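Participant: In case you want the letters, here they are:
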Amino acid sequence: MIKDINFYLAGYALKSLLRDKSKNIFIFIVFSLLVALLASTFFLSASMRAEYHQLIKNYPDIVLTNQRAMQDIPYNTDVVNRVLNLSGVSSTVGRVYGKYAFSQAETVFTLLGIDAFENYANPLLNKLNKKYSLDDNAMLVSSSVATILKQNYYKEYFNFIKEDGSRQKVQIADTFYTPKSSADANLIVMPNELVRKIFGFKKSEFTDIAIMVQNREEIGFIAGKLQEEFPNAKITLKEDLLREYENIYNFRSGFFLTVFVIAFFTFFIIIYDKLSGPNSAQKREIGILKAIGWRVEDILKAKLYEGILISLSAYIFGIILALIYVYIFKAPYLKAIFLNNYTLLSDYRLVFHIDIQTVVLLFFVSVPLYIAATIIPSWRVATLDADEVMR
Amino acid sequence: MITLKNVVKQYGNSLALDSVSLKLEEGELVVLKGVSGSGKSTILSLIAGLLKPTSGEVVVDGKKISKLPDHFAALYRRDNIGFIFQKYNLIADLSVKENVLLPLVPMNLPREELESLLEKTLSSLNIKAKEKSLVKNLSGGEQQRVAIARALVNNPKIIIADEPTANLDEKLSLEFIEMLRAMKSKNRTIIVATHDPLFFNLDFVDRVIEVQKAKILSCL
Numbered sequence: 001m002i003k004d005i006n007f008y009l010a011g012y013a014l015k016s017l018l019r020d021k022s023k024n025i026f027i028f029i030v031f032s033l034l035v036a037l038l039a040s041t042f043f044l045s046a047s048m049r050a051e052y053h054q055l056i057k058n059y060p061d062i063v064l065t066n067q068r069a070m071q072d073i074p075y076n077t078d079v080v081n082r083v084l085n086l087s088g089v090s091s092t093v094g095r096v097y098g099k100y101a102f103s104q105a106e107t108v109f110t111l112l113g114i115d116a117f118e119n120y121a122n123p124l125l126n127k128l129n130k131k132y133s134l135d136d137n138a139m140l141v142s143s144s145v146a147t148i149l150k151q152n153y154y155k156e157y158f159n160f161i162k163e164d165g166s167r168q169k170v171q172i173a174d175t176f177y178t179p180k181s182s183a184d185a186n187l188i189v190m191p192n193e194l195v196r197k198i199f200g201f202k203k204s205e206f207t208d209i210a211i212m213v214q215n216r217e218e219i220g221f222i223a224g225k226l227q228e229e230f231p232n233a234k235i236t237l238k239e240d241l242l243r244e245y246e247n248i249y250n251f252r253s254g255f256f257l258t259v260f261v262i263a264f265f266t267f268f269i270i271i272y273d274k275l276s277g278p279n280s281a282q283k284r285e286i287g288i289l290k291a292i293g294w295r296v297e298d299i300l301k302a303k304l305y306e307g308i309l310i311s312l313s314a315y316i317f318g319i320i321l322a323l324i325y326v327y328i329f330k331a332p333y334l335k336a337i338f339l340n341n342y343t344l345l346s347d348y349r350l351v352f353h354i355d356i357q358t359v360v361l362l363f364f365v366s367v368p369l370y371i372a373a374t375i376i377p378s379w380r381v382a383t384l385d386a387d388e389v390m391r
Numbered sequence: 001m002i003t004l005k006n007v008v009k010q011y012g013n014s015l016a017l018d019s020v021s022l023k024l025e026e027g028e029l030v031v032l033k034g035v036s037g038s039g040k041s042t043i044l045s046l047i048a049g050l051l052k053p054t055s056g057e058v059v060v061d062g063k064k065i066s067k068l069p070d071h072f073a074a075l076y077r078r079d080n081i082g083f084i085f086q087k088y089n090l091i092a093d094l095s096v097k098e099n100v101l102l103p104l105v106p107m108n109l110p111r112e113e114l115e116s117l118l119e120k121t122l123s124s125l126n127i128k129a130k131e132k133s134l135v136k137n138l139s140g141g142e143q144q145r146v147a148i149a150r151a152l153v154n155n156p157k158i159i160i161a162d163e164p165t166a167n168l169d170e171k172l173s174l175e176f177i178e179m180l181r182a183m184k185s186k187n188r189t190i191i192v193a194t195h196d197p198l199f200f201n202l203d204f205v206d207r208v209i210e211v212q213k214a215k216i217l218s219c220l
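Going down the list, the protein sequences come from chains A and B.
Position 142, counted from 1, in the first sequence is what the numbering used here calls 142; the numbers after and before it change by one each time, with no gaps.
Position 90, counted from 1, in the second sequence is what the numbering used here calls 90; the numbers after and before it change by one each time, with no gaps.
If you are wondering where the hints come from, they were derived from the structure by calculation, not from laboratory data.
Computed from a predicted structure; not experimentally measured.
The beta-carbon is built from N, C-alpha and C at its ideal position, and this holds for glycine as well.
Keep in mind that the hints are not guaranteed to be accurate.
Here are the computed lysine-lysine pairs in the DSBU-like style, where the Cα-Cα straight-line distance is at most 35 Å [to be verified]:
1) B:Lys132 to A:Lys283
2) B:Lys213 to A:Lys283
3) B:Lys184 to A:Lys283
4) A:Lys225 to A:Lys99
5) B:Lys97 to A:Lys21
6) A:Lys301 to A:Lys283
7) A:Lys15 to B:Lys136
8) A:Lys283 to B:Lys120
9) B:Lys130 to A:Lys23
10) B:Lys132 to B:Lys120
11) A:Lys301 to B:Lys157
12) A:Lys15 to B:Lys157
13) A:Lys301 to B:Lys128
14) B:Lys97 to A:Lys23
15) B:Lys87 to A:Lys23
16) B:Lys132 to A:Lys21
17) A:Lys283 to B:Lys215
18) A:Lys283 to B:Lys128
19) A:Lys57 to A:Lys130
20) B:Lys97 to A:Lys283
21) A:Lys15 to B:Lys87
22) B:Lys213 to B:Lys157
23) B:Lys136 to A:Lys23
24) B:Lys64 to A:Lys283
25) A:Lys283 to B:Lys23
26) B:Lys136 to A:Lys301
27) B:Lys215 to B:Lys184
28) B:Lys63 to A:Lys301
29) A:Lys283 to B:Lys130
30) A:Lys21 to B:Lys128
31) B:Lys130 to A:Lys21
32) A:Lys197 to A:Lys225
33) A:Lys202 to A:Lys238
Residues on chain A that point at chain B, a partial pick, calculated with CB under 10 Å [what the hints assert, rightly or not]:
34) Gly11
35) Lys290
36) Ile292
37) Glu297
38) Ala302
With these hints in hand, go ahead and build the complete structure from the sequences.
Facilitator: Put into structure tokens, the structure is as follows:
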């Protein structure tokens, strides 16, 4: 294949591009930026989808939440046991957690209670449970939370303001690192009883009940049984959560559809400009080349090289820019649009995940189109009589 | 070697050549003389295969050039024709070397062969020193030499020159005539279309053909 490449012709094509330097550099920059913009959103969305799927994997199959007048209220321990007795249910865990607003830092923490004897669906909790034996008044904080606390001069402890307005001083036992999970980034783990104290729950009350089932095929059936047994309960399936994430994401996709339309519109302006054909000097040059013995195919080959040199290099450059922007610089601005419901953005790490299909799709809607837009007008001129073109 | 048989060429309603017949022998140097618009350039373009006659035939070395499809006409030009245009038709932003090598680019020859052809051609025309200069920075005479070098680099059998001295002063025109003499001595068939009187009484010109109003008027 390399043997088939006429490097003199490629060199001529390169010279030809350099002769119209400013215009071609402009096209290269716009082309690269468009590819980079689209590829960045693709990379970011693919990475987030991969992240969501990873996150959902750690969720319980079913979550049962008690409600009154459609407002969440706690469950008692006896309900946990009743659920466990339902056939098909393999395990249940009463969870104690809630959101705590730390207004000083304008952020929200998730306070999650753990019980040393429980087995959780989330591997992080099991890992922490195994590693630490928390005192009654101690907590583990994620690395992001630790940073925020330190910025606000809480290095060893933190004063939570309880429901009744009094303070609960809690020691920071240790920090755990949450490298990629957005949901775990604002996590504080502490004993169940401590969470209850802070949020004003009674002893033996749970925020909700996490349920694991034996056979995944029976999730729907068991959910039906739970609804019969607990008519006031809100039942959330793992699939529902996934759908919810997808819906949030799809909303953002709608927003980005606008960006895509603008990007493609810009690209088509370039294509339109190319299709308007060579200028008089370029036409004359084609005529000269024909007159000195170049065949139509030689001229088209030179134009093909020109198109490849610009579009392929701009495409590759755009993809590299997107990779750097998303995975090295963590997609500033763009990530904020995608993740505006998360408060600890700075520690949100993007999983390296490239959706090859979209990269290939981006290639096929840009590179061949540009090459065609370069070749077709030149082909129209090259098939005319050289004498006519030169006149 | 070159035969035009009853060639008619029309551009729309305008008649450029009216039933022209002409025969040129190998190694002959022929000057086509006539005023602008008489049809000289059209004869050259037909012989070069750049144009197809409206009717009639152009035959070169037994090949009907007028019937050649575009692809083969280009190959015919590449192998047989060296064209020197009135306005040189060089690519101003390319260097001397790049302009001269242009006819050879599609052939993808080995580098050594290319360099050797270039060296030979540029040296014979005394422009080797300007090899890397951009054509747009050269004088008219130097540009003329580059145009000649480009016409000769593929070692063509036929050299066609269309008003080659139209943009040159007398000194440079005489220089061109000397170069023409050198080309003729290598047994190349040369056709020059001009209305420059300098060409009409040259001892090495075989024939002067007068073209007027789309017809061949006389052959001296």
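Participant: None of the hints should be skipped; say for each whether it holds.
Facilitator: Taking the hints in turn, this is what the structure says about them:
1. For the hint pairing Lys132 (chain B) with Lys283 (chain A), the CA-to-CA distance comes to about 25 Å; that is within 35 Å, so the pair holds.
2. Proximity of Lys213 (chain B) to Lys283 (chain A) is assessed by CA-CA distance (about 30 Å); at most 35 Å being required, the pair is judged to hold.
3. Distance hint between Lys184 (chain B) and Lys283 (chain A) is fulfilled; the C-alpha atoms sit about 33 Å from each other, no more than 35 Å.
4. Only pairs whose Cα atoms come within 35 Å are accepted, and Lys225 (chain A) paired with Lys99 (chain A) is accepted, the gap being roughly 30 Å.
5. For the proposed pair Lys97 (chain B) and Lys21 (chain A), the alpha carbon gap of about 21 Å is at most 35 Å, so the pair holds.
6. For the suggested pair Lys301 (chain A) and Lys283 (chain A), the alpha carbons sit about 16 Å apart, so the restraint of at most 35 Å is met.
7. Distance hint between Lys15 (chain A) and Lys136 (chain B) is fulfilled; the C-alpha atoms sit about 15 Å from each other, no more than 35 Å.
8. Using a Cα cut-off of 35 Å, the hinted pair Lys283 (chain A) and Lys120 (chain B) holds, with the two alpha carbons roughly 31 Å apart.
9. Restraint check for Lys130 (chain B) and Lys23 (chain A): the C-alpha separation of about 29 Å stays at or below 35 Å, so the hint holds.
10. Of the pairs offered as hints, the one joining Lys132 (chain B) and Lys120 (chain B) holds, with about 16 Å between alpha carbons and a cut-off of 35 Å not exceeded.
11. For the proposed pair Lys301 (chain A) and Lys157 (chain B), the alpha carbon gap of about 27 Å is at most 35 Å, so the pair holds.
12. The straight-line distance between the Cα atoms of Lys15 (chain A) and Lys157 (chain B) is roughly 30 Å, inside the 35 Å bound, and the hint therefore holds.
13. Of the pairs offered as hints, the one joining Lys301 (chain A) and Lys128 (chain B) holds, with about 30 Å between alpha carbons and a cut-off of 35 Å not exceeded.
14. For the suggested pair Lys97 (chain B) and Lys23 (chain A), the alpha carbons sit about 25 Å apart, so the restraint of at most 35 Å is met.
15. Between Lys87 (chain B) and Lys23 (chain A) the CA atoms are separated by roughly 27 Å; this keeps the pair inside 35 Å, and the hint holds.
16. Only pairs whose Cα atoms come within 35 Å are accepted, and Lys132 (chain B) paired with Lys21 (chain A) is accepted, the gap being roughly 20 Å.
17. Between Lys283 (chain A) and Lys215 (chain B) the alpha-carbon distance is near 31 Å, which keeps this suggested pair within the 35 Å criterion.
18. Only pairs whose Cα atoms come within 35 Å are accepted, and Lys283 (chain A) paired with Lys128 (chain B) is accepted, the gap being roughly 30 Å.
19. A threshold of 35 Å between alpha carbons decides the hint, and for Lys57 (chain A) with Lys130 (chain A) the separation of about 20 Å falls inside it, so the pair holds.
20. A threshold of 35 Å between alpha carbons decides the hint, and for Lys97 (chain B) with Lys283 (chain A) the separation of about 22 Å falls inside it, so the pair holds.
21. Restraint check for Lys15 (chain A) and Lys87 (chain B): satisfied, since their Cα atoms lie roughly 22 Å apart, inside the 35 Å limit.
22. Restraint check: the Cα-Cα separation between Lys213 (chain B) and Lys157 (chain B) comes to about 29 Å, which is no more than 35 Å; the hinted pair holds.
23. With a C-alpha separation of about 21 Å, the suggested pair Lys136 (chain B) and Lys23 (chain A) falls inside the 35 Å cut-off, and the hint holds.
24. For the hint linking Lys64 (chain B) to Lys283 (chain A), the alpha-carbon distance of about 28 Å falls within 35 Å, and the restraint holds.
25. Under the criterion of a C-alpha separation no larger than 35 Å, the hint pairing Lys283 (chain A) with Lys23 (chain B) is consistent with the structure, at around 33 Å.
26. Taking the CA atoms of Lys136 (chain B) and Lys301 (chain A), the gap is near 26 Å; set against the 35 Å cutoff, the hint holds.
27. Distance restraint check for Lys215 (chain B) and Lys184 (chain B): the Cα-Cα separation of roughly 27 Å lies within the 35 Å cut-off, and the hinted pair is therefore satisfied.
28. Taking the CA atoms of Lys63 (chain B) and Lys301 (chain A), the gap is about 28 Å. The hint holds against a cut of 35 Å.
29. Our distance criterion of 35 Å between C-alpha atoms is met by Lys283 (chain A) and Lys130 (chain B), whose separation comes to about 27 Å.
30. As the CA atoms of Lys21 (chain A) and Lys128 (chain B) are separated by approximately 28 Å, the hinted pair is consistent with the 35 Å bound.
31. For the given pair, Lys130 (chain B) sits about 24 Å from Lys21 (chain A) by alpha-carbon distance, which is consistent with the 35 Å threshold.
32. Restraint check for Lys197 (chain A) and Lys225 (chain A): the C-alpha separation of about 33 Å stays at or below 35 Å, so the hint holds.
33. Of the supplied pair hints, the one linking Lys202 (chain A) and Lys238 (chain A) holds, its CA atoms being roughly 28 Å apart against a limit of 35 Å.
34. Hint on Gly11 (chain A) holds. Least Cβ distance to chain B is approximately 8 Å, under the 10 Å limit.
35. With a least beta-carbon distance of about 6 Å to chain B, the hint placing Lys290 (chain A) at the interface is held under the 10 Å criterion.
36. Contact between Ile292 (chain A) and chain B, as hinted, is supported at the beta carbon level, the nearest pair being about 5 Å apart and thus within 10 Å.
37. Because the closest C-beta pair between Glu297 (chain A) and chain B is about 7 Å apart, less than 10 Å, the hint holds.
38. This hint holds: Ala302 (chain A) has a C-beta 8 Å from the nearest C-beta of chain B, less than the 10 Å allowed.
Checked against the numbered hints listed earlier, the structure breaks none of them; every hint is satisfied.
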